[in-house]
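S.K.: Here is what each chain is made of, one letter per residue.
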Amino acid sequence: MALTESAPPDARGLDRATLIGMYRAMVLGRLLDERVMVLNRQGLAPFVTSCQGHEATQVGAAAALRAGADWILPYYRDLALTLAIGMRPVDHLFAALGRAPDPSSGARQMPGHFSSRPLRIVTTGSSVATQVLHAVGIALAIRSRQETDVVLTTCGEGGTSEGDFHEALNWAAIHRLPVLFLVENNHYAISVPQSRQMAIARVAERAAGYGMPGVTVDGGDVLAVHRVVGEAAERARTGAGPTLIEALCVRLQSHSSDDDQRRYRDPADLLDVRQHDPLDRFRTELEAAGLLDGSAADAIRSACRDEVDLAQAEAEAAPVPDPATALAHVYGEGGS
Amino acid sequence: MALTESAPPDARGLDRATLIGMYRAMVLGRLLDERVMVLNRQGLAPFVTSCQGHEATQVGAAAALRAGADWILPYYRDLALTLAIGMRPVDHLFAALGRAPDPSSGARQMPGHFSSRPLRIVTTGSSVATQVLHAVGIALAIRSRQETDVVLTTCGEGGTSEGDFHEALNWAAIHRLPVLFLVENNHYAISVPQSRQMAIARVAERAAGYGMPGVTVDGGDVLAVHRVVGEAAERARTGAGPTLIEALCVRLQSHSSDDDQRRYRDPADLLDVRQHDPLDRFRTELEAAGLLDGSAADAIRSACRDEVDLAQAEAEAAPVPDPATALAHVYGEGGS
Amino acid sequence: MTTMTLVEAVRTTLLDEMGRDERVIVLGEDVGVKGGVFGATAGLHQAFGDARVIDSPLAESGIVGVAIGAALAGLRPVAEIQFVDFIPPAMDQLISEAAKMRYRSQGVWSCPLVVRAPCGGGVHVHGALYHSQSLEAIFAHVPGLKVVIPSTPADAKGLLLAAIRDPDPVLYFEHKALYRALSGEVPTGDQVVPIGQAAVVREGRDATCLTYGATVHEAVAAADRVAADGFEVEVVDLRTIRPLDRAQIVASANRTGKVLVAHEANLIGGVGAEVAAIVAEECFEQLDAPVLRIGGPAMPAIPFAESLAAVYCLGPDRIEAALRKLAAY
Amino acid sequence: MTTMTLVEAVRTTLLDEMGRDERVIVLGEDVGVKGGVFGATAGLHQAFGDARVIDSPLAESGIVGVAIGAALAGLRPVAEIQFVDFIPPAMDQLISEAAKMRYRSQGVWSCPLVVRAPCGGGVHVHGALYHSQSLEAIFAHVPGLKVVIPSTPADAKGLLLAAIRDPDPVLYFEHKALYRALSGEVPTGDQVVPIGQAAVVREGRDATCLTYGATVHEAVAAADRVAADGFEVEVVDLRTIRPLDRAQIVASANRTGKVLVAHEANLIGGVGAEVAAIVAEECFEQLDAPVLRIGGPAMPAIPFAESLAAVYCLGPDRIEAALRKLAAY
Ligand SMILES: Cc1ncc(C[n+]2csc(CCOP(=O)(O)OP(=O)(O)O)c2C)c(N)n1
Ligand SMILES: Cc1ncc(C[n+]2csc(CCOP(=O)(O)OP(=O)(O)O)c2C)c(N)n1
Ligand SMILES: [Mg+2]
Ligand SMILES: [Mg+2]
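Protein chains in written order, with the working numbering: chain A, -18 to 317; chain B, -18 to 317; chain C, 2 to 330; chain D, 2 to 330.
Mixed in with the good hints there might be a few duds.
Unchecked claim - Over 10 Å on every C-beta distance to chain C, these chain D residues come out as not near it, computed from the model:
#	residue
1	Pro89
2	Pro90
3	Lys101
4	Ser111
5	Ala138
6	Val143
7	Gly145
8	Arg181
9	Ser184
10	Gly190
11	Asp191
12	Val202
13	Arg243
14	Ile269
15	Gly271
16	Ala328
To be verified - Straight-line Cα separation of at most 20 Å, SDA-like style, residue types lysine to any residue; simulated pairs:
#	chain 1	residue 1	chain 2	residue 2
17	D	Lys326	C	Glu286
18	D	Lys326	D	Arg226
19	C	Lys326	C	Arg226
20	C	Lys326	C	Arg181
21	C	Lys326	D	Ala229
22	C	Lys326	D	Arg226
23	D	Lys326	D	Gly205
24	D	Lys326	D	Ala229
25	D	Lys326	D	Asp225
26	D	Lys326	D	Phe232
27	C	Lys326	D	Glu282
28	D	Lys326	D	Asp289
29	C	Lys326	C	Gly316
30	D	Lys326	C	Glu283
31	C	Lys326	D	Asp225
32	D	Lys326	D	Phe285
33	C	Lys326	C	Arg256
34	D	Lys326	D	Asp230
Simulated from the structure, these hints should not be mistaken for laboratory data.
It should be emphasised that the depicted structure is a prediction, and the values quoted were computed from it without experimental measurement.
Every residue, glycine too, gets a C-beta built ideally from N, C-alpha and C.
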């Protein structure tokens, strides 16, 4: 895709500021992710699931939605997505370090279990793909109140094997509900390759069987994702129902900080995915279009690094949760 | 489809005896089903799920398999299927009347929960679609022992909405296992019409999303079902993997003896399904082909009626289960 | 006050509450035009239409999962699972999601959701193994869930109102044998029966029978029989299984010094174990006899054949026998 | 005798048993080349290949349902669920199918199946709410299922052999905190530990602590502490949660007259309730103190932050405090 400063770079008319903003969001996601992995190796962050390789998909999707109005039901890999919607690096670092101000869960959940009511990022648990049904229920509520918001829910290609994924797509299709099912297909579920997860080449092939459109998009192409998600959101807003979107990603890191993918992936494969780093790609595109040069890119990078440094300092200074609160919020007030 | 006595009526070369056998199996299923419903109205059989309208599908499928070698995991509507595989009318009447000799469960389960180890009809519970996964596991065992048997499992179109259905098809496709998934689509799940069950016109459209062939067959056409199931079984036996078969049926009776479909179905619809009675249709075809005439048909009918009469007498004379056995078989012997 | 059956109390309460609060929706298999397989939702679809009375696909995890989502977004869903026996496919949504939603978000998100399901077996319910179970103990073990089981039409109404208005997920189990067997007075107003309060349904000074659901009526019958011999049994209907009314349990046990816990569900690991353990710990000094428990035997559920089903069910006879054992101690 | 960790005992037992019995297969998420997220199946894929060591799709109902089918057809599947927290999606297959298969067919069909899953939380296991639960009480309520939880490498081997050779479905839970924390002697031969037999792991005449899993070790530590003051506690490792070893429970309780039941799982409706209720009923005359229970508080599971997790976990301190309460009674 050719980008120029004068002509809008795609049919959706993204201007330079927006494009640079998307690039910055990807860089911020990457740097924060890298930082958390350093903290992990230092023994300070017990557990990490990395978003590296998924940034284009996540930022492209976020940019196509109305942050704070549209509902987001993410999964544990969506660091860059939740940042792009509006969570702050320090929010994620509170979680990584298990500190009380973690807005997602007050350090009750593992990091990567994002939540923010003001941003309409809905709390998720660890049981894979359960949130896909919640997305449908939220869409039902949206419909019943005749609102125009849409719901985005994400999961990995492994998550599509769960019964809940099936039940959710079926329900959404029957009622033509405003949900986007975004599958971030990185071809591995921990160690299980896609070929042992399904007998089809493309997750999007499932869509027809539910009676909804299915699209496979290059998840390394942030603008393509932006376009596809935007179109699906448009359809959803106008009552045309749900869409299954498969974004082809690469998993640059191991499944989690407890995993070592060299034990089950080919060295050649691991080299190959490095060639598909979505950050390098977008940067090259922006440079080719004359929208970014080396020094601007460096400036973005160092601004992001400063932001992460500051966030880390703030998070490290934050208190751990007060044990006296451990038993709170099991039940709400006002029950009989 | 035109039938003649001399030329085999279809590519699979069914001879007259086979065809008449299939017709007889359908008649027997119908008469037994009607009898159980009479017993229900008399207060003797507490609960019935009728197979009426599904006989062509069930007999066609059974006739395409190797009874006693191929495995069957049926659902509660498969009276004619299990009869055609080799269960006896009296077996079903023992169950209907809650008598001890019921081979399926010794009257522990509701009628319609068929089981016979010698016939490889596997016990099923009431939780819809769970058996579909068991079928896959059995196919796995078949494969691991390098046997050539296949597994047939059935459910209604409602059952396809359960997560287990999805998980089963996906697994079978990945491992190319010898399973036939036969969906008896009668367009209703109790009162819920197909349009509220799925957003697609044909259940078979789901198959492509799993990477297996999907076929929709007129389930009122016993020979078409026989052919489709036979072809799928052939593929499965030769290692080519599973098939999803959708047979379009009519539900002539209410969902069960506890239901009254006039409360939620159009009178016109109920009249219309009557026009699609698979028994009338096969009889007409056989007569047109000169393979059956009125008196032969009457003879079949009265022989079946005699068989059912005898079976009823035997079942009514059978004892109810001995309460002393109620606690047996919770666990097996030989555990440590 | 109006006299009605238990199923009618459920139905009219849903009707009233949907009229009062437009956030309330009903969803489940066959709850629409058919009105549910037991008629508990009859007339709702006519009154409130497709958008608020939703015939779901045949998928229980879907029903509960979608209801959770709707609750997160501000609706008040009342999901019906056709039989409690078909709740297990939804267990992950209930245990992993509904129960933990509030806790895991520090109270930022919550899940006000009711899951109704008919439970139990017994006389004239030819349900067999998969239409007869009582699974409340499983849910009573899960922090974040509440569990209620009414034994009268009035409680059916009062507890259903409480459940719908509760800020948290409530499992509301309706015993099938009570649906139409028994009619009772139901207050006409907005009479909530608070969750967590047991009720003394029969007074007595000599022993306490702690029970709930259909067994309450069998226990009262048994108590009446032993009363003929001067042994007066207090029958306590727990009504709420989680949270248990510990104060009432302990007070009654301390008063009488002899306790029987009785329920239809399987005895081993059942609700009775928790109740008996509470009594054993808190009332040790006051007990004049061992805490007895009776419940379903170690067979998977209630068989189809009546001859076998009778082995499962308690009935007043077995409760009476247990009470006489207490009397004789 | 060889010395090894608990996870190594699981692994070598699987290896041995697959070598001995070609009907044994292993299936689950990441059990193949990766060897499981805890390494419990490491080396199996290399030894037995794709056909017997099967990386499943990410679908727990599928794993258990397929295993059930394989068992029906004569194999001996050992299914791994990656964490016990992810068993709920498979609950219908376990409760409705595996548990009832034999009963509902009068013993004609059966389901010899093992479901292994790591459970529990605690020190240095940063599992948080969904990688820390102990759900055994749910399964212990279900007739037709067996539940075992080893606390030593030797029992891990012996109980796994028993489970694989058992004619019925067995849930086999492995406490993560024990996987590598502790090494122990493991007999080399074919040493089965029969299902249903508790073990006295520490003798004592003054009180009995009934417990299982990782808590056994905490209980022994606590017992050693109070022994310093002359109060000798018998610690009984239940090992099997269903069927419970009633004879051993009752004998020990009768001998000492003072009983503490302790486990990591949530207290309310936990296994301890059943154990306490048995003791309260059967040992009434011998008891010198109320049956005490301690277990997980009423919060959904163990939080991520260590400061919060500490509120959940028992540890030797709380067990010691409970034992001192018994001593003082
Ligand atoms: C119900 C359930 N089963 C298993 C797990 C353990 N688990 C966590 S992530 C994961 C793999 C997910 O793979 P995929 O969906 O492809 O997402 P990815 O991590 O590749 O982005 C597994 C097996 C879980 N969290 N929940
Ligand atoms: C898990 C589960 N949920 C609900 C039910 C109650 N139920 C029994 S049959 C049925 C409808 C099935 O419809 P379909 O699959 O189309 O089969 P049909 O009866 O039409 O042949 C329902 C809802 C059940 N048995 N199991
Ligand atoms: Mg993946
Ligand atoms: Mg149907």
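S.K.: Run the C-beta distances from Lys101/D to all of chain C and say if the shortest one exceeds 10 Å.
M.R.: violated (5 Å)
S.K.: Is the hinted pair Lys326/C and Glu282/D satisfied, with a Cα-Cα distance of at most 20 Å?
M.R.: holds (12 Å)
S.K.: Verify this label for me: Arg243/D is non-interface relative to chain C, using a Cβ-Cβ cutoff of 10 Å.
M.R.: violated (7 Å)
S.K.: Given the hinted pair Lys326/C and Asp225/D, is their Cα-Cα distance within 20 Å?
M.R.: Given that 20 Å is the threshold and the Cα spacing comes to 41 Å, the pair is violated.
S.K.: Hey, Lys326/C versus Gly316/C, does the alpha-carbon distance stay inside 20 Å?
M.R.: Holds - the C-alpha atoms of Gly316/C and Lys326/C are around 16 Å apart, at most 20 Å.
S.K.: Taking the shortest Cβ-to-Cβ distance between Ile269/D and chain C, state whether it exceeds 10 Å.
M.R.: violated (6 Å)
S.K.: Find the nearest Cβ of chain C to the Cβ of Val143/D and say whether that gap is larger than 10 Å.
M.R.: Given that some Cβ of chain C is not farther than 10 Å from that of Val143/D, nearest at about 8 Å, it is violated.
S.K.: Far enough from chain C: is every CB of that chain over 10 Å from the CB of Pro90/D?
M.R.: violated (4 Å)
S.K.: Assess, step by step, whether the Cα of Lys326/D is no farther than 20 Å from the Cα of Gly205/D, and give holds or violated.
M.R.: holds (16 Å)
S.K.: Ser111/D: least C-beta distance to chain C exceeds 10 Å?
M.R.: Per Cβ check, Ser111/D is outside 10 Å of chain C; nearest 13 Å; holds.
S.K.: So if I understand the rule, the pair passes when the alpha-carbon distance is 20 Å or less; does Lys326/D with Asp230/D pass?
M.R.: holds (13 Å)
S.K.: Quick check for students: does the CB of Ala138/D sit more than 10 Å from each CB in chain C?
M.R.: Its Cβ does come within 10 Å of chain C, the nearest being 5 Å, so this is violated.
The structure fails to meet hints 1, 2, 3, 5, 6, 7, 13, 14, 15, 20, 21, 22 and 31 from the earlier list, while all remaining hints are met.
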